[in-house]
Amino acid sequence: DGAGGALRATPLRGPALHRTVGVAHRKDVPLGRAAAEVRRLLVEQTS
554 DGAGGALRAT PLRGPALHRT VGVAHRKDVP LGRAAAEVRR LLVEQTS
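The sequence shown begins at 554 in my numbering and counts up by one.
These are calculated hints, taken from the structure and not from any lab test. Among these hints, one or two may not hold up.
Here are the simulated distance ranges between beta carbons [to be verified]:
no.: 1; residue 1: Pro564; residue 2: Thr599; range: 39 to 49 Å
no.: 2; residue 1: Ser600; residue 2: Pro564; range: 41 to 51 Å
no.: 3; residue 1: Gly585; residue 2: Arg561; range: 40 to 50 Å
no.: 4; residue 1: Ala589; residue 2: Ala569; range: 26 to 36 Å
no.: 5; residue 1: Gly558; residue 2: Ala589; range: 45 to 55 Å
no.: 6; residue 1: Arg566; residue 2: Val591; range: 24 to 34 Å
no.: 7; residue 1: Ala569; residue 2: Glu597; range: 12 to 22 Å
no.: 8; residue 1: Ser600; residue 2: Gly567; range: 46 to 56 Å
no.: 9; residue 1: Val596; residue 2: Arg561; range: 14 to 24 Å
no.: 10; residue 1: Leu570; residue 2: Glu590; range: 23 to 33 Å
no.: 11; residue 1: Arg579; residue 2: Thr599; range: 32 to 42 Å
In this text, a Cβ means the ideal position worked out from N, Cα and C, and glycines have one as well.
With the sequences and hints as input, model every part of the structure.
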């Protein structure tokens with residue numbers, strides 16, 4: 554309690570983190586609704 558009980562925010566800075574994500578599917582079988590939505594969200598967030 555050396556700071557008098559006050560909260561302090563410290564922004565974190567540093568190298569950006571990147572991860573490669575792949576979605577595999579069969580060409581002869583359409584994606585289900587949930588899988589299609591996950592794919593759509595991934596494309597939207599990474600484009």
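Hint by hint, here is what the structure shows:
The beta-carbon spacing between Pro564 and Thr599, approximately 24 Å, falls outside the hinted interval of 39 to 49 Å. Evaluation of the 41 to 51 Å hint for Ser600 and Pro564 yields a failure: the beta carbon distance comes to about 27 Å. Between Gly585 and Arg561 the CB atoms are about 47 Å apart, so this pair conforms to the stated range of 40 to 50 Å. Range check, Ala589 to Ala569: about 28 Å between beta-carbon atoms, so the 26 to 36 Å window is met.
Separation of Gly558 from Ala589 is about 50 Å and conforms to the stated range, judged on CB atoms against 45 to 55 Å. Range check, Arg566 to Val591: about 30 Å between beta-carbon atoms, so the 24 to 34 Å window is met. About 19 Å separates the C-beta atoms of Ala569 and Glu597, a value consistent with the hinted range of 12 to 22 Å. For the hinted restraint 46 to 56 Å between Ser600 and Gly567, the CB-CB distance of approximately 25 Å leaves it violated.
The beta-carbon spacing between Val596 and Arg561, approximately 39 Å, falls outside the hinted interval of 14 to 24 Å. Distance hint check: the CB atoms of Leu570 and Glu590 are about 24 Å apart, consistent with the given range 23 to 33 Å. Checked against the hint of 32 to 42 Å, the C-beta distance between Arg579 and Thr599 comes to roughly 22 Å, which is inconsistent with it.
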